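The listed protein sequences derive, respectively, from chains V and B. Per my numbering, the first sequence starts with residue 1, numbered consecutively. Per my numbering, the second sequence starts with residue 1, numbered consecutively.
Worth double-checking, as some hints may not be accurate.
Quick list of in silico lysine-lysine cross-link-like pairs, DSBU-like style, CA-CA up to 35 Å [claimed, not checked]:
id, chain 1, residue 1, chain 2, residue 2
1, V, Lys185, B, Lys152
2, B, Lys152, B, Lys75
3, B, Lys75, V, Lys185
4, V, Lys185, B, Lys114
To be clear, the hints were calculated from the coordinates, so they are not data collected in a lab. Note that the structure is a prediction, hence the values are computed from the model and not measured.
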Amino acid sequence: MSTHAGGYSADPRIRRVEWLPWIVALAGFFLLPEYLSLGARILIYVLYALSLDLIVGYAGIITLGHSAYFGLGAYVAGILAAKAGIADPMAQLAASAAAGALLGLVTGAIILRTRALTLLMLTLAITSVLLEIANKASSLTGGADGLSGVVVAPILGLFKFDIFGKTAYLYCLVVLLVGWWLIRKLIYSPFGTSLTGVRENSLRMHAIGAPVYWRLVLVYTLSATIAGIAGGLITQTNQFVGLNVLSFESAGELLVMLILGGVGRIYGAFVGPVVYLVAQDLLAKQFPEYWYLGIGTMLVLVVLFARGGILGIVDSLIAKLRRKA
Amino acid sequence: MSVALETRGLCKSFGALTVAEQINFRLESGARHALIGPNGAGKTTFVNMLTGVLSPSSGRILLAGEDITELGPAKRVKRGLGRTFQINALFRRLSVLDNVALAVAERLGVASRKLRAASAHPEVRNEGMDLLSTLGLAEDASQRILDLPYGKQRLVEIAIALGLRPKVLLLDEPAAGVPSLESHRILQVLDKLPRDIAILIIEHDMDLVFRFAQRITVLVQGEVLVEGTPEEIGRDKRVHQVYLGEQRHA
Chain V
1 MSTHAGGYSA DPRIRRVEWL PWIVALAGFF LLPEYLSLGA RILIYVLYAL
51 SLDLIVGYAG IITLGHSAYF GLGAYVAGIL AAKAGIADPM AQLAASAAAG
101 ALLGLVTGAI ILRTRALTLL MLTLAITSVL LEIANKASSL TGGADGLSGV
151 VVAPILGLFK FDIFGKTAYL YCLVVLLVGW WLIRKLIYSP FGTSLTGVRE
201 NSLRMHAIGA PVYWRLVLVY TLSATIAGIA GGLITQTNQF VGLNVLSFES
251 AGELLVMLIL GGVGRIYGAF VGPVVYLVAQ DLLAKQFPEY WYLGIGTMLV
301 LVVLFARGGI LGIVDSLIAK LRRKA
Chain B
1 MSVALETRGL CKSFGALTVA EQINFRLESG ARHALIGPNG AGKTTFVNML
51 TGVLSPSSGR ILLAGEDITE LGPAKRVKRG LGRTFQINAL FRRLSVLDNV
101 ALAVAERLGV ASRKLRAASA HPEVRNEGMD LLSTLGLAED ASQRILDLPY
151 GKQRLVEIAI ALGLRPKVLL LDEPAAGVPS LESHRILQVL DKLPRDIAIL
201 IIEHDMDLVF RFAQRITVLV QGEVLVEGTP EEIGRDKRVH QVYLGEQRHA
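So here's chain B without its partners, still in its complex pose (with noise of 0.2 Å):
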């Protein structure tokens, strides 16, 4: 299988604050990875790092075999490399639609066009509506995100980033602040995603990351502790020593 995404000796510091050391990733194409770690692991910061919010201090970021560690978030967004934020980022003013006809508008090139109206652009318009379909959306396409229950925010987020029609997909704590009898629903619609989109998965949520990933990566103080499988995660002393004992413990 081809590597859609990679990390070599991936390395972060703030001064002598060292938050991500030696990062070894790799994301296979059409993968279901997630990345879990305690709090403090250093995951959003590795995520901000693959999106170019922030620069490493050291090591390389390939996708699809392309070195991107010098380019910003823009062009990473438009070689395929897409994502959703912890904290809902959304333009919460404008309406469900527009929230994601806004970023098929961009991955279209037509969010530039000047002359002609932004409705006068129906295969925007239709395809940001076939993406609320899919999500369950549809009925909420004209509600402001405001006035929007936070679960469906969080699933207007996924829905601006798939608009983006990304080959890799980095889901950052996509059940974050939804009640568990909700979160379900999040995984339903991660469940129907398109499978030739690589997607790693940052989540507190166990329940959700063992019945969705494949793979999963185990992340402590900004190093890799362990991946394997989700049995192989789930087996390891050193994992609920770190993590699940936390847990277990909470």
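Looking at chain V on its own, in the form it has when it is part of the complex (with noise of 0.2 Å):
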């Protein structure tokens, strides 16, 4: 998978190896078809990673706030379907989108006019904020017992969602396509690369005239906005928004999932999700209160040897490979 990064002479064109994850995903729908809603949900994560990796691992914005564009996008898709009679499933999603945008772009401007540990307390008390929100507006959200209710119409108009997770499985694979794609195609433009340089070097980016605040606000709102959408799409699978999807705990998790996976190099957002929920899934029901602990060990494991994530370990091994071939 190696490292995805732009520049003036990245060769953009998709490698037959990126290709991987999409067959996984299609064999997954095939092969394990009691699992699909397991699926569907890390399929939701891995876009919500992807929007994390956006901003922390090519544009070097440190946040522990994600889940409060993540969760506002799913409490506006909530709100329409379960309380404005509001059912479709692409108005929701755009709702979403425009919801996580907007408030990227107010908290955006505020924040990243700080940086480093100021940065970081700051992302954190947005999704504090907005979480203490919901808890007090419980005639709109629900509060603590969460919002039900939730009625998602079929795609399209033709496509319903079944209790198997058939669709909300090819719903989400589609809206992730998509995702992926506009996110590739930015990290390999001459915006992406800039971005990479106020990451390396933000003080030489200001002296070489580039407009280093707006292009961070810009980047955030981006990220903010697909965020949202993966909030839209957990409340259309679940068809059910609690209060957790704003929680630290929420973009913490998300956290640990892109470096278990590996930061700054898009796949790694696939890789984290998918070990850290399907470990998650298999540990709870083994060790339902230890389940912690090996996601834990995990982590510490690949922060001490693996600072690259799985995938770094990946590049490592078949670096090695060559060597010796």
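From the two separate chains plus the hints, produce the assembled complex.
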């Protein structure tokens, strides 16, 4: 898979190995029909992690509050479906995207004037404030009980959500495909290359006349938009929204997934959620009380021995094999 | 000769500490001018004020006669003010070509494009390669900065600044940290720079300064002590006392 970075000599064509996740996803649809709801959840988290990778891995914006945009997207889709009677999934998703974008733009414009620990704390504050608003506005959000009664009409009036999760899985897969294509295109573009420049040395980017602040605000808004869409998807597939979508734990969990997979590689955002959520599913069945210990151990091992995440290990193994050959 | 860059009564204080005091300075178009002074003379502060990293406490800065005192660093770059850094400020994990291409793309207005791939902009890549060839770095184009010897990294610093096609180029100690045997390579590069660029070099390497500069300004404790040709500066007793004297005793 290797690292995917833009650049003026980088070949943007899709490599053969990049079809692998899509082949696996389609194979999973046919071979593991009993796991489609877990599969849909994984696909949503891949999209969510991709949005995080765009800002953390490529633009170097550190955050612990990405759940704000995911959670807002989830609640907007849920409120439209349960309270406003808008059941069209495309309209719900568009509203989730718009809400994520708007919040991303407003908060990004404020917090991206800061750096490092201050920035980290502000991202955390944003998600905490939204969580409290969602908790208090129970007439709209259902508060601590969550928002139920989410109605989702057939997609394009044709494909009804079924109890086996087949439609939801394929729907999430298509949305993920579009999101991945857009993010990949962005990373290989001059804009993406300039983001990498900001991550590497923002002082020098200023010195070459780049509008660093506005570039960061823009990428942050794009990332928040995609996170909002992922939030909308989780509502549509679960047909329920709980406060946990806005929690700090949710944002932290996502960061852990990305670190596990590998930051700044695009496909780390695919591998991380798969490993994390499958491990969570398996460990929670085997050790209902101690499953977090397994996840924690995995994270410690990755941080200690594989800074590039699981894909970093794959890269170094391939490099070793090539040297031997 | 027209004036490329000028400062009028430039002052900078940090609380009670004054680091720049009434600096009146003129850089002629196409000039090769050096700014020297002992450690702590305020040279880097002066450069930081010129580039907009620091705001002056008072005084004006004019670029080609236009007041740029209130402009931010990015806008000054767009108007033709380029700089290099005393300590390498490169994109360390990017290739040498991408380091230069980032600057070229900013100048050409390509850097904000999102739909076409960066590699689909051959004008950026070609100009970047031309610059690297001029500086003798073409063979290193695909190398990461991390893997490049320090002397060559200093040349990449210059290449990035040239990618902006500046009218005025501020070189902050271009030979800093480079062994004296290699500094002649830097001088060769500086000698070949286009004559339409006005260059202000801040440097401790006196050999390089006296071989490169046509005029020299000596800064001491934030004030201009004297300005003149290299011969005049070499003869000036005050300069010997405050600066060259220090070197002799060293």
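Those earlier numbered hints the structure runs against, lowest number first: none
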